[in-house]
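Engineer: Sequential numbering of the first sequence, starting at 1, is according to the numbering used here.
These are calculated hints, taken from the structure and not from any lab test. Glycine is no exception: its CB is placed at the ideal position from the N, C-alpha and C atoms. Incorrect hints may appear among the rest.
[Stated by the list, open to error] In the SDA-like style, the derived pairs of lysine to any residue whose C-alpha atoms are separated by at most 25 Å in a straight line are: (1) K122 <-> R105; (2) K358 <-> E381; (3) K357 <-> M376; (4) K330 <-> L310; (5) K358 <-> D305; (6) K122 <-> M376; (7) K75 <-> R130; (8) K59 <-> K75; (9) K20 <-> W166; (10) K121 <-> F159; (11) K45 <-> G55; (12) K59 <-> F159; (13) K122 <-> K330; (14) K59 <-> G30; (15) K20 <-> D158; (16) K20 <-> R105; (17) K357 <-> Q416; (18) K121 <-> A153; (19) K358 <-> W424; (20) K358 <-> H89; (21) K121 <-> N456; (22) K330 <-> D364; (23) K277 <-> G96; (24) K358 <-> P313; (25) K121 <-> D230; (26) K277 <-> K330; (27) K121 <-> K277; (28) K277 <-> M303; (29) K20 <-> E127; (30) K59 <-> S176; (31) K296 <-> R349; (32) K59 <-> W72; (33) K330 <-> F294; (34) K122 <-> W37; (35) K370 <-> R248; (36) K358 <-> L284; (37) K277 <-> K300.
[To be verified] Computed beta-carbon distance windows for the label pairs: (38) E378 <-> F208: 38 to 44 Å; (39) T308 <-> H169: 50 to 56 Å; (40) G46 <-> H124: 30 to 36 Å.
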Amino acid sequence: MHPPGHSTRRRTMLRRTFVKQALTAPGALGEVLLRGWVRTRRDAKGFSFLELNDGSCLKNLQVVVDHAVAGWFFKDVNTGAAVEIQGEHAASPAAGQAWEVHAARVTLIGMADQETYPLQKKRHSDEFLRGIAHLRPRTNKYGAMARIRSEAAFCVHDFFRGRGFWHLHTPILTGSDCEGAGEMFRVTTLGTNYHPRTPDEPFFEDFFGRQANLTVSGQLEAELYACALDRVYTFGPTFRAENSNTPRHAAEFWMIEPEFAFGGLRETMDLAEELTKIMVRHVLDHCPDDLELFGKYVDKTLMADLETLLREPFERIPYRQAVDILEASKRGFEFQVVFGSDLQTEHERFLSEEYFKKPVMVYDYPRTIKPFYMRMNEDGETVAAMDLLVPRVGELVGGSQREERLNILVDRMEEQGLNQEAYWWYLDIRRFGSAPHAGFGMGFERFLMMITGVANIRDVIPFPRTPGNLEF
RNA sequence: UCCCUGGUAGCUCAAUCGGCAGAGCGGGUGGCUGUUAACCACUAGGUUGGCGGUUCGAGUCCGUCCCGGGGAGCCA
């Protein structure tokens, strides 16, 4: 055993073994080198048990430390401490684990004072852990979430790559000051005491010489590339400055936005359903232990619901039929359902959680409640839009076929009071080789909420940004 | 932003009608045991979110502010 700071120099050329490898080894690995953090420690007569976790998997590796090899500082090898272990990988004689490591050398790399280290050997509330977001990945639940998030993100790229979609990086900074409704975060290099010398052009002296914001969507730019590369997708951060205080909204979140040419609403729904299912399948296959934790401690019906989601086709109904179902339900909804009004949260939840009890795609919404770029249907009353509503979360995906006909698009922009000059490039695409195209946006955090059963978006993103919260 | 609800030990919570502020877990110390959220004993730990008010007396009632949670709205 070596004191702090004396650590790795004398190490042999032994390659590092990760906990996951040690636990899943087909046979004894012999001498191994491990590094990680101590989750718990149990003392016995003459020796101690350490539970070591290094993030490679949910489970911990049991390390047996004979007090003969432990030094004076072994008292500080406690919950939270960072350590290096060199020892013998061997079958465990006791129940609970197949493999364990008998330490020959323990090095304390970084201690954690037990009186002030916030994480204890017990379950903590999500609210408490949010306050220590820098330490919560050291818990089983948030470590599992991080691994699931990573695997799901990998799957997104794998999915699109396998279907001929090119990954497109759309800008984070945008110059549009009217990307539709919604508050945007303003970006500026001007000082807080700056007063414009040219009131007519208040941004004249700013970095870009015009108003700059953080993007609320990469869709418009993705459309431009879809009309050149045929199939593209974006997967990046998105920003909304709404003062929303709900478990489903964050000021910064990640969105997946495929966009493809020569396709319509049907293909969009097919793609959204396939993507959702394959992402679920991928996480089930690659993070079974992590996912099981959520099925066990967060939501008992989670695993069964995911199986249902994979097994059955998603329901697909036109908006008009959704309204009929809601009216016929005779539910005492707080908001009455009438054709032409947007579906409220209570309506969306009723459809997916109670009526169909599975994901539902509602399509062909009234034109009056949807944005200008959605393609007008033949009836002149509805647009080719679709929302994917899922249990637990509500709207997971929103998409549409885009209006590729210049004259109709211009009419729609006028109807919604948009400045056509600001969108000259968007309109140009309809002037030169315009083609039918479509796409959708999937909220990545909402997907994670659905697949883990976690009810608050603040707990599926490492460092959540919500109104009044910018710590870490 | 609106409505509801909460803030008591490091964490999770209790405290009857306004009447001595407590428990479990965690921490420390000692003991015991191939242990599994180990176990046993002892021990330390409090401006009851802040400020103001009512009262002989406030964790408890009133006002106000701060913070959390739930619901709704906002939301490409």
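Engineer: If a hint holds in the structure, say so; if it does not, say that too.
Structural biologist: Tested hints:
1. K122 <-> R105: violated, 29 Å
2. K358 <-> E381: Violated, at roughly 28 Å.
3. K357 <-> M376: violated, 30 Å
4. K330 <-> L310: Violated, at roughly 31 Å.
5. K358 <-> D305: Answer holds: K358 to D305 is near 8 Å, not above 25 Å.
6. K122 <-> M376: violated, 56 Å
7. K75 <-> R130: violated, 30 Å
8. K59 <-> K75: holds, 24 Å
9. K20 <-> W166: Cα-Cα ~33 Å, so violated.
10. K121 <-> F159: Violated: K121 and F159 sit about 39 Å apart, past 25 Å.
11. K45 <-> G55: violated, 30 Å
12. K59 <-> F159: violated, 29 Å
13. K122 <-> K330: violated, 46 Å
14. K59 <-> G30: holds, 20 Å
15. K20 <-> D158: The hint holds at about 24 Å.
16. K20 <-> R105: Holds, at roughly 20 Å.
17. K357 <-> Q416: Status violated; Cα separation ~36 Å.
18. K121 <-> A153: Given pair K121, A153 is violated - Cα atoms ~31 Å apart, limit 25 Å.
19. K358 <-> W424: Answer violated: K358 to W424 is near 41 Å, above 25 Å.
20. K358 <-> H89: The given pair, whose Cα atoms are some 46 Å apart, is violated under the 25 Å limit.
21. K121 <-> N456: holds, 24 Å
22. K330 <-> D364: holds, 23 Å
23. K277 <-> G96: Answer violated: K277 to G96 is near 34 Å, above 25 Å.
24. K358 <-> P313: holds, 9 Å
25. K121 <-> D230: Between K121 and D230 the Cα gap is close to 53 Å, so the pair fails against 25 Å, i.e. violated.
26. K277 <-> K330: Measuring from Cα to Cα gives roughly 32 Å; hence the hint is violated.
27. K121 <-> K277: Answer violated: K121 to K277 is near 36 Å, above 25 Å.
28. K277 <-> M303: holds, 14 Å
29. K20 <-> E127: Roughly 30 Å between the alpha carbons, so the hint for K20 and E127 is violated.
30. K59 <-> S176: violated, 48 Å
31. K296 <-> R349: Measuring from Cα to Cα gives roughly 24 Å; hence the hint holds.
32. K59 <-> W72: violated, 29 Å
33. K330 <-> F294: Status violated; Cα separation ~35 Å.
34. K122 <-> W37: holds, 16 Å
35. K370 <-> R248: With Cα atoms ~21 Å apart, K370 and R248 stay inside 25 Å; holds.
36. K358 <-> L284: OK: K358 and L284 at ~18 Å, within 25 Å.
37. K277 <-> K300: OK: K277 and K300 at ~20 Å, within 25 Å.
38. E378 <-> F208: 38 to 44 Å: holds, 42 Å
39. T308 <-> H169: 50 to 56 Å: violated, 36 Å
40. G46 <-> H124: 30 to 36 Å: holds, 33 Å
Hint check: violations occur at hints 1, 2, 3, 4, 6, 7, 9, 10, 11, 12, 13, 17, 18, 19, 20, 23, 25, 26, 27, 29, 30, 32, 33, 39; the rest are consistent with the structure.
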